[in-house]
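Chain by chain, the residues run as shown.
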Amino acid sequence: MIVDIKKLSVDYSGIKALDDISFGIAKGDFLGIIGPNGAGKSTLFKCMLGLHTQYDGTIKVFDHDIRDSRKYLSQIGFVPQKPVVDRNFPATIREVLSMSQNSSDSEKIDEALQKVWMHELADRRIGDLSVGQQQRVFIAKALVNSPKILVLDEPVTGIDQYNKDLFFQILGELNTKEKISIIWSSHDLDAVERLANKVACLNRTLFFHGVSEEFFSDDEMLKKYSETSMQMHMHHH
Amino acid sequence: MTFEAVSYESIPHALVSGIAISILCSAIGLFLVLRKFSLFGDALAHSAFGGVAFGLFIGIYPLWIACGVAILSALGLTKIRQKFDISSDAIVAILLATGLGAGIILVSMSDDLEIHDIEEFLFGSAIIDTPNVITILVMAGAILAILFFTYKKLLYSTFSEEQARASGIPVEKMGYLLIAMAGVTVVISMQLVGVLLISALFVLPNVSAMLYARSFKKTMMLSMCFAVSATVSGIFISYQFDIAQSGCIVLVAAAIFVGSLVAKGSGMVKTTGILAKRA
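So the protein lines, in turn, are chains E and U.
Going by the working numbering, the residue at position 71 of the first sequence is 71; the numbering climbs one at a time, nothing skipped.
Going by the working numbering, the residue at position 22 of the second sequence is 22; the numbering climbs one at a time, nothing skipped.
Since the hints were derived computationally from the structure, they do not count as laboratory data.
Do not rely on the hints blindly, as some may be mistaken.
Okay, derived cross-link-like pairs now, SDA-like style, lysine to any residue, Cα gap no bigger than 25 Å in a straight line [as the list claims (entries may be wrong)]:
no. : chain 1 : residue 1 : chain 2 : residue 2
1   : U       : Lys-264   : E       : Asp-123
2   : E       : Lys-108   : U       : Lys-264
3   : U       : Lys-218   : E       : Asp-123
4   : U       : Lys-218   : E       : Ser-130
5   : U       : Lys-83    : E       : Ser-42
6   : U       : Lys-218   : E       : Asp-86
7   : U       : Lys-83    : U       : Met-174
8   : U       : Lys-153   : E       : Thr-53
I would like the entire structure built from these sequences, with the hints used as guidance.
Following this line, the structure appears as C-alpha cells:
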C-alpha cells in the first residue's frame, strides 16, 4: 500500500467529521471517493496532506507515518476544489508552476504543461484563463514535482462539459501512462464509474471500499448511497 | 507647521536614500497589495508613530523604538486576528488608531518635545544626515536580500495559502516575515515621506504597474521604476519650487497612476499590457 489509513477519526468541537476510517491505496489505483456534501471528503484530504493534524489513528504514506516525517508528503500532488485566482494577480502560468519548491527547472515546467495541453499558453496571465483551464494548470503545477500520487478535491465543480471531458482524459492518461495513483473526490457517479478502478463511499464513516464494478453493480449499495445523499442534502437545507 | 523643501546640499543624500526606499517599498508593497493588505503599511506607520513619540518621550533614538513597536504590535494583532477570526481591515483600523492615539498622548504629556521633532516623522524630512543614509542603505540591502531568497515562498503563500501549505511551505511564518520586513521598511521610509504619506509608496507604483505587466517579475520591476521616477522627480520638483518633498513624491506617484489609467482607458494599453506583448 502506498497510502495506508488506519482507524482515522476527526472531531470538530464534539461533532464527528470522520469516524474510524480504514482503507488503503495501492500503486496504480484510480480511487474515486464519493459521498454527499459534509461527508468528510475534504477533511480526509486535509489529514492526508498534513494540513489537519488533530486526528486519531494513523496515516502512512510509503510506509511512513506522516506525523513522524512530512518528507513523504512531497510525493503527493494536490489539486484544490476550485481555484480561487484573483483575475488581476500578476503571474504567468509559467510563474505559477515555478512557485512550487523544487521547480526551478524550466524543462520540467514545459513537460508538465505539455501533459495537460497548456504549453502554448505558458506566458499568459493565470487570471485570463477559464476555470477549466486554470484547473489544468493546477494539475500541471502538481506534476512539476513528479508526484507518485495525485489528490484532487472535487476538481471539476463549475467546469463546462468540454473541459470536464478533457480533464478526465488527462487524468486517465496520467494514471495509465505516467503510472500516477489518483485519489479523486466527486459527486459525479457516472464519471467515477467510467474512470475509477476503485471506489470509496464515505459518509463520515466508510461504508464501502473496493472495486468499482462491485459498487456500481450492487443495487442495494447504490440505493443506500442515494438515501444518505438525500438525507445529507435535506440536513444541509 | 513647516514643511521642508530640499536644499541644494541635501539633494545627494535625499536621492540616494530615496532611491533605496522606493525600490524597497515597491517590493514589499507588491506583496501587501496582492494580499489585499494595501493599508497595512499605513497602519504600521501609525503604530510606529506611537513608538517614535515614546522614544522622544524617554530620550532614546526614536526610530529603533518605532521599529520594535510597529513589528510587535503588528505581529500581536495578526495572531489575534488568526485566533479570533477578525477581518484584516478591522486589524488595520485598530493598529492605525491605537498607534496614533498613543503617540498623541505621549506628545501631550511631554514638555520638552518640539513640534518640529514630531512633524519630521509625520510629514517626512528633506534633510537626511549621513548616518541615517547609511542605516537606510544597510537595512534596505538586508531586506532586499531576504526577499531575494524567500520571494518564491512568499509569492506562493500570497497566491494560494491552501496550496502553499499543502506543498509544505510554512505559510504563517512567511506572513510574519513579511510583516517584520514591512515594519522595518515603514520605519526607514518615515524619514523620507512621513507617517501620513507612507502607504502611497507601497500602493501607487504597484497598482500602476499591475495595469501594464502580466508577469510578477515584470510587475515588480516596473513598479520599482515608477517608484524611483516618482521619488527622483519629487525631490527635484521640491528643490525647484521650494515646496514639501514628501508631498511632491506622492503627487508624482499619483500622476503616474492617473497617467496609467488614462493610457489603459484610452486603449493605448490592453489588459495583457504593451510591455508584455513586446517581450
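Outcome of the hint check:
1. U:Lys-264 with E:Asp-123: holds (21 Å)
2. E:Lys-108 with U:Lys-264: The hint is violated at about 35 Å.
3. U:Lys-218 with E:Asp-123: Given that 25 Å is the threshold and the Cα spacing comes to 12 Å, the pair holds.
4. U:Lys-218 with E:Ser-130: holds (23 Å)
5. U:Lys-83 with E:Ser-42: holds (22 Å)
6. U:Lys-218 with E:Asp-86: holds (18 Å)
7. U:Lys-83 with U:Met-174: holds (17 Å)
8. U:Lys-153 with E:Thr-53: Measuring from Cα to Cα gives roughly 22 Å; hence the hint holds.
Violated hint for the displayed structure: number 2, the only one.
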